[in-house]
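K.L.:
Construct the complete structure from the given sequences, taking the supplied hints into account.
Heads up: the protein sequence lines correspond to chains A and V, in order. Under UniProt numbering, residues 1 to 307 are what the first sequence spells out, in order. Under UniProt numbering, residues 1 to 435 are what the second sequence spells out, in order.
Derived by calculation from the structure, the hints in this document are not laboratory data. Please read all numbers here as calculations on a predicted model, not as lab measurements. Treat each hint with caution, since some may be false.
Said to hold, decoys possible - Footprint (simulated), chain A over chain V, 3 or more residues, beta carbon under 8 Å:
# : stretch
1 : 124-138
2 : 239-253
3 : 268-278
Stated by the list, open to error - Computed spacing ranges between beta-carbons, pair by pair:
#  : chain 1 : residue 1 : chain 2 : residue 2 : range
4  : A       : F92       : V       : K144      : 52 to 58 Å
5  : A       : R109      : V       : D49       : 34 to 40 Å
6  : A       : S162      : V       : D177      : 33 to 39 Å
7  : A       : A128      : V       : A166      : 39 to 45 Å
8  : V       : S291      : A       : L43       : 41 to 47 Å
9  : A       : A128      : V       : E350      : 42 to 48 Å
10 : V       : E126      : A       : M63       : 33 to 39 Å
11 : V       : K129      : A       : H76       : 42 to 48 Å
12 : V       : G169      : A       : W90       : 46 to 52 Å
13 : V       : P235      : A       : S162      : 47 to 53 Å
14 : V       : D177      : A       : L43       : 57 to 63 Å
15 : A       : R68       : V       : D124      : 45 to 51 Å
As the list claims (entries may be wrong) - Each computed BS3-like pair below joins lysine-lysine, with the alpha-carbon atoms no more than 27 Å apart:
#  : chain 1 : residue 1 : chain 2 : residue 2
16 : V       : K174      : A       : K246
17 : A       : K246      : V       : K245
18 : V       : K273      : V       : K174
Ideal Cβ positions, reconstructed from N, Cα and C, are used throughout, including at glycine.
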Amino acid sequence: MAHAATRAPRRSTGRPGVGRPGVAWALPGALFFVFFAVAPMVLVGALAFTDWDGIGTPSWTGMSNWSRLWDDPETHQAIWLSLVLTVLTWLFQTPLALLLGVWAAGRQRNRAVLSAIFFLPLLGSSVALALVWKSLLDPNFGLIADIGPALSFADGDLLGSSKGAFGAILFVTAWQFIPLHTLIYQGGARAIPRSLYDAAAIDGAGTVRQFFAITLPQLRNTIVTSSVIMVVGALTFFDTVLILTKGGPGTDTTIVPYLMYKNGFQAFDLGYASAVATILVVVATTVSLLLVRLTGFAAMRSTREGM
Amino acid sequence: MRIPRSRSTLRASTLAAAALLVGTALAGCGSGGPGGSDDGSLDVWVYQDASTKVQREVVERFNKTSDIKVTLTQVPGEGYSDKMRTSMGTPNAPDVFFNWGGGSISDFVEKDMLLDLDPVMAKDPELKKAFIPTILDAGAIDGKHYGIPMRGMQPVILFYNKDVFADAGAEPPKSWDDLLKLIDTFKDAGVTPFALAGTDAWTEQMWVEYLVDRYGGAGVFQKIVSEGMAAWDDPAVLKAAQTVKDLVGRGAFGKNYKSVNYTADGASTLFAKGKAAMHLMGSWEYANQKSNQPAFAKSGLGWTTFPAVPGGSGDPKSVVGNPTNYWSVNAKVKGDKQKAALEFVKFAAEQDYSKDLIANGDVPTTSDAAALLGEHENPDYARFQYELVEQAPDFTLSWDQALPAKYTPPLHTAVQKLFNGQLSPAGFVDALKGM
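P.N.:
Written out as structure tokens, the structure is:
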């Protein structure tokens, strides 16, 4: 009784940490979210049904932006390019980041130094990095003038060819973002208990077997996290494209975010740009939800089950 | 009853804090601007670059004589159009602002956001007479003037590298035939005939502009501006596109022009270093070379006019490019402030202003500037440019500035695809008609 008597008043003081926090605590965050994320998104959704050049009042045009989207070959090309870029980005970056991350998770001194150097691109801004790459890829004064012939671009005209420009974007973004994902994988790999490897070693498993039987399954959740970041990132790449290729040659590297910029801030056709933006939001959300769903990540199953 | 009270206090204070935040955010969107700010000053916006100095000086001079002071806002070049566009129609709009005339302000004119300057010029004929007529008119919309010229003239000029020409024993082209022969001469000498920054579609657009002008005259594009995109169907446009295809096929621009840039000085460096013999570019190329390759700008840089084309009906004296930049006045500026704004823009017509422009290396657009050109650091170049523009029967504003903003991206895409061979000449015309 004495015990219960001391507990009851304590609970009623409403001190933090006791009982569940009130809804009010979420209010500042929720308001920020509503004003700076939900409201603009709703506005963009609404603008997608208007014709607006950025000044004056938008006029309702119903479905006309959407039927234009449906018919516009440039939009179809942009959606296709975005999807190809996303898939290739994933295929290109994931295995490399995974292997590098697992390697960097080792504890030897040389690895720490090498990893630190390797993570340097993470520190630069995308714009600065893209500018550096742009001068390296200048056909007359850049590195590409010398190594172009080996890559079958005899005139160094890498950025002037459709495949070359697309490949350059794929490469530069990979160069820039693989370190981030390596860092994620390094963290994940370091969290795997040493005892699992010791046990496997006793059972006679070699390095390769250990990688496939222990490291990879243990990194399951890390792979999903990294993939979601990578896929959503690839769908929204913008600055690299703006600086490296300006969507060219022609429209051959005009991916969806760049198309949105072109329509919104070069053409000031904000209604149509909003329709493109809406598509992007829907596709990116769907893809990341699908990734989480299909991989069972949402269930939050621990990789330590049964341990 | 302590619990509910503390809870409700908390809730109330959170709400208050949130309301405050939202209130501040909203208040931030609605202050200042014409009519909104009563601090009695004029908000003047200018595109910021190396030439902004001239505007800073005029503001200083104006503020000494006027009760209503000018506050100059210098907007870094790259973001100028976006900022101007997004602020017009909000209370933060400038009172007087820099623009390119034509399409860059046509949407504002349509919504009655700019002050019509024709009554002002009718009252003050000296003001109208102060400027070269083609330049004043190039910024007009439907024959009405909304802008006072306020920077140097920027015609597109055919530049050539004197040393490369001397080595090849060649003369600058006087006719289209000369130009075609020079392409072969320089190809044989291992020099790219024309530097071209194909990453930036506006550099390629200059070629199409001149070719359309030479084949069909300035009327072809005037008709497009006044009648709409169907007017691209003019035979001169198709001829120009075929000529571009022919030039590309002959190797006039070399092989890797598609990844050469202008903004990072790719094309200009090729040209200055003698790897390319000629460069079709705006008159600012001189200032550009002067700051990056001073020795070349001084002794190696030559200039000439764009030649006539066989069978063309356009006047070969006509020029294309940016006649100049203009001051426009916000229609919301009224009363004494409007008087002061008009006084301010009239400073651009005065000789002191022209002298500042010349000292800066620009060529003024005032009709009495000829007498001042001797003070330019390169009088020959200044005189060539001034006479080129003064004698030109027509000065076609760059297409991407003349047409409303929504046409810029598709126009640039079509031009680039034509040069890349991704569009045939007929496909190019179709793409323009379909904009």
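K.L.:
Work down the list of hints and note, for each, if the structure agrees.
P.N.:
Comparing the hints with the structure gives:
no.: 1; hint: 124-138; in the structure: violated (count 0)
no.: 2; hint: 239-253; in the structure: violated (count 0)
no.: 3; hint: 268-278; in the structure: holds (count 3)
no.: 4; hint: A:F92 / V:K144: 52 to 58 Å; in the structure: holds, 56 Å
no.: 5; hint: A:R109 / V:D49: 34 to 40 Å; in the structure: violated, 51 Å
no.: 6; hint: A:S162 / V:D177: 33 to 39 Å; in the structure: holds, 35 Å
no.: 7; hint: A:A128 / V:A166: 39 to 45 Å; in the structure: holds, 41 Å
no.: 8; hint: V:S291 / A:L43: 41 to 47 Å; in the structure: holds, 44 Å
no.: 9; hint: A:A128 / V:E350: 42 to 48 Å; in the structure: holds, 44 Å
no.: 10; hint: V:E126 / A:M63: 33 to 39 Å; in the structure: violated, 55 Å
no.: 11; hint: V:K129 / A:H76: 42 to 48 Å; in the structure: violated, 55 Å
no.: 12; hint: V:G169 / A:W90: 46 to 52 Å; in the structure: violated, 58 Å
no.: 13; hint: V:P235 / A:S162: 47 to 53 Å; in the structure: violated, 31 Å
no.: 14; hint: V:D177 / A:L43: 57 to 63 Å; in the structure: holds, 59 Å
no.: 15; hint: A:R68 / V:D124: 45 to 51 Å; in the structure: holds, 47 Å
no.: 16; hint: V:K174 / A:K246; in the structure: violated, 36 Å
no.: 17; hint: A:K246 / V:K245; in the structure: holds, 23 Å
no.: 18; hint: V:K273 / V:K174; in the structure: holds, 24 Å
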